[in-house]
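If you're matching them up, the sequences are chains Z and X in order. Note that the first sequence ends on residue 170 in the numbering used here; no numbers are left out. Note that the second sequence ends on residue 427 in the numbering used here; no numbers are left out.
Take these hints with a grain of salt, some might be off.
[As the list claims (entries may be wrong)] The following label-pair restraints were derived from C-beta to C-beta distances: (1) Z:157 with X:29: 50 to 60 Å; (2) Z:154 with X:155: 45 to 55 Å; (3) X:367 with Z:27: 49 to 59 Å; (4) X:153 with Z:28: 56 to 66 Å; (5) X:114 with Z:8: 52 to 62 Å; (6) Z:31 with X:43: 46 to 56 Å; (7) Z:154 with X:150: 34 to 44 Å.
Read the hints as simulated data drawn from the structure, not as lab findings. Cβ coordinates follow ideal geometry from the N, Cα and C atoms, glycine included.
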Amino acid sequence: MVQLTGFIAILLIAGLPVLVQQNLPLVAAGIAAGAICAIAVLLPSLGLAVAGAIGALLVFSVALLMAPPAGALVAAILLGIALLALLDITHYRQRFRGAMVEPAVARAHITDLALSVAASVGAIVLLAGIVEVLSIGLDASIRPIVATSGGILVMVALLLAVTRLGGRRS
Amino acid sequence: MNFRPSPLAYALAVVVAWIVCLAIAIDRVELFFTAIPLFVRILRSPAPGQSDVRDFSLATEPGPRLEGEDFVVTGSALIAPAAGPIEILPVLPPLLRPLTAQRTAMLASQPDGRVEWNSHLHCLASGALDFGVVFLRLWDRAGMWVADSRQEQRIALSVHPRAIAVHAVPTPRETGAPFGIHASRKVGDGTDFADIRRFTPGDRMKRINWAVSLRTRHLHVNQFYVERSAEVILLLDAFSEIGARPESSLDHCVRATAGLAMAYLQRHDRVGLLVFGGWVRWTKPAAGPTQYANIVQSLAHISIAPSMYLHDLSALRQSMLPRHAMILALTPLVDERFARTVARLADQGRDVVLLAIRTDELSEAFVPRRANHPLVRRLWLLERDERLRDLRAHGVRAANWSPSLPIDTALDFVRQPIMRRGASWYS
C-alpha cells in the first residue's frame, strides 16, 4: 500500500505539468523530475525527494507561466497532495528501512496520511467558499483590510505556536 | 523525553517555503493551493508533550548457551503517554546476530503504553557476552516529531564453545592413577600384551600361554601392561589471534581445546587448562564431567589481552604444571614468547605436544592484496615450518593443523610419544 501510494505520487508529479500545458520540453522536464522522485523513494533519500519536489515545482511553475491565467487550480491541488505523499512515503521508507514493521504501524500511517489529504481538500473547499463569498459580498475597498487582518491572524497563530513550543521545551 | 522536529518536518517546511516564493515570483495564486496539503500536514501534527519510559526490562532464560545456539531476549517498557509508533534499536555485541534480517523493530503503541518485544538471537562464537543497551525512538503519529531514549539493563551471558570431535588423542609419556586406558610401563592387569615369562605360583590360570608352554615343556604366562590414567594440561596461546570471529585462530583453538578436554576426560584422565597470554588463567586438573563444565566455562571467558607480566611458565608452581603431566599446546604460532615457553618446557624434560593452527588460511580474506602474493605466503609458511622444526629439535611433538580438516589428521602425527634417548619406552 505504501509503495502504491508512492508510485501514484510520482506519476502525478511527472504528469501534472503536461495537464496544464502540452509542450515537449515540459514533458521531458516532468519525466526528469518524476525520475528523481522515483530514485528518492527507491533509495530511499529524503534529501533527494526534496530536490525532486523542488524540481517538480519549478517545472510546474514554468507550465503555469506558459498556460492561460485560469484553469490550473485542480492540477495545483493534486501536485500539493502528490508532493506531500512523496515526502511522507520517502521518509517512512527511510526511517523504517531494515526494521521489522508491525502491520498496524503501516496501516496507521497510511490512515493518517489519508486523513491529512482529506483535511487538505476540506480546507481548500472552505477557503474557496470563503473567497467566493468575500468576492461577492465585500466591497472592493474593504477587501485589503480583510486580507491584512487574515495575514495578522496567521502571524499571531504562528507566534502563539512557537511560544507554546518554547515554553514546553524550557 | 523531549520531542524534536523530524527531517520530514524540515523537508515539508522547505518545500512550503519554495512554493510561497515561486507563487510570489511568478504571480500565480494557484501555487498557494499547492502548499495547502503540506501546510495542513504540519498543522495536524502539534508537538507531543513529554513522554517517559518506565519499567524497562530485558530478560532471557538463565544458564549458559552453546556456540551456534539460538535464544530469545524479551524486552518490555511502559511509555506514557505514547504518541505513535515506537522504534526498538537494540545494541548487540558482535558475537550475537539477529535471526531475522531486520535489526530493529517498529511497534505500534498500545493504549496503556505497554510495549513488549522479542529479539531472536544467534550466538556466533563462544565468549562472555555483556549487553543490554536498547535505544527507544518514539515517533508521533505523522512522523513529524521524534524523541530518543537510551535504556539499559545489563545481561551477562556465557556462551560455551562447541567441542570438535576428537577420535584418537596423543598418548601421554607418563601415566599416573589407575582406572585409565593408557598403557603404563608397569606390567600387570591390562589388555595390551607386554611379554611372556615363566609361570610362578600365584599366577592366574587364564594367563597361561599354552602354545609356548607346550613347545618349551614349561608353563609360561602372558604379561600385560597395566592401564592407567594420565594427567593432561591443555595450554592455550592467548597472545595473538588471526582472522575474524567466529572463524579466528582463537575460536578454532578454543573448540579444539574443548574437544580434546572431552576426549581425555572420557578416557578417565585428569585434565587441566592453562591459558597463557602473558597472564595466566588456570583450571586445576581434575577428572569427570564436572571438570569439562569447568574447562568450557574458562574457555568462554578467554580474550586476547597480551601482557608482559609473566615470561616463563616453568616458574609456575608444581601443582599448576605437574612434571609428569603431558602438556598439549594449541597455538597459531605467531608470538615468539609462546614458542619460547613451549621450547623451554620441553627442555625441562616434559612431555609436550604442540598443535599449530594454520593461520594462512584464516587470514587470507584480511591481508592486503600485495601481502597475499603467493611468494609472500610461501615465505611465511617456510618461516613457520622452520619454527616447527626448531620446536621438534627441542623434543616437542609438533604438528600443523589446518582448521578446514578434521583435527584427527593433525593428531595422527603426534599420537605416539617420542622415545627418550638411552631409554626404551615400555621398559
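So, going through the hints one by one against the coordinates:
1. At about 21 Å, the beta-carbon gap between residue 157 (chain Z) and residue 29 (chain X) misses the expected band of 50 to 60 Å.
2. Between residue 154 (chain Z) and residue 155 (chain X), the C-beta spacing of about 53 Å keeps the proposed range 45 to 55 Å intact.
3. For the hinted restraint 49 to 59 Å between residue 367 (chain X) and residue 27 (chain Z), the CB-CB distance of approximately 55 Å keeps it satisfied.
4. Range check, residue 153 (chain X) to residue 28 (chain Z): about 58 Å between beta-carbon atoms, so the 56 to 66 Å window is met.
5. For residue 114 (chain X) and residue 8 (chain Z), the hinted distance range of 52 to 62 Å is not satisfied, since their beta carbons lie about 36 Å from each other.
6. Between residue 31 (chain Z) and residue 43 (chain X) the Cβ separation comes to about 33 Å, which falls outside the hinted range of 46 to 56 Å.
7. Taking 34 to 44 Å as the suggested C-beta distance range, the pair residue 154 (chain Z) and residue 150 (chain X) conforms, at roughly 39 Å.
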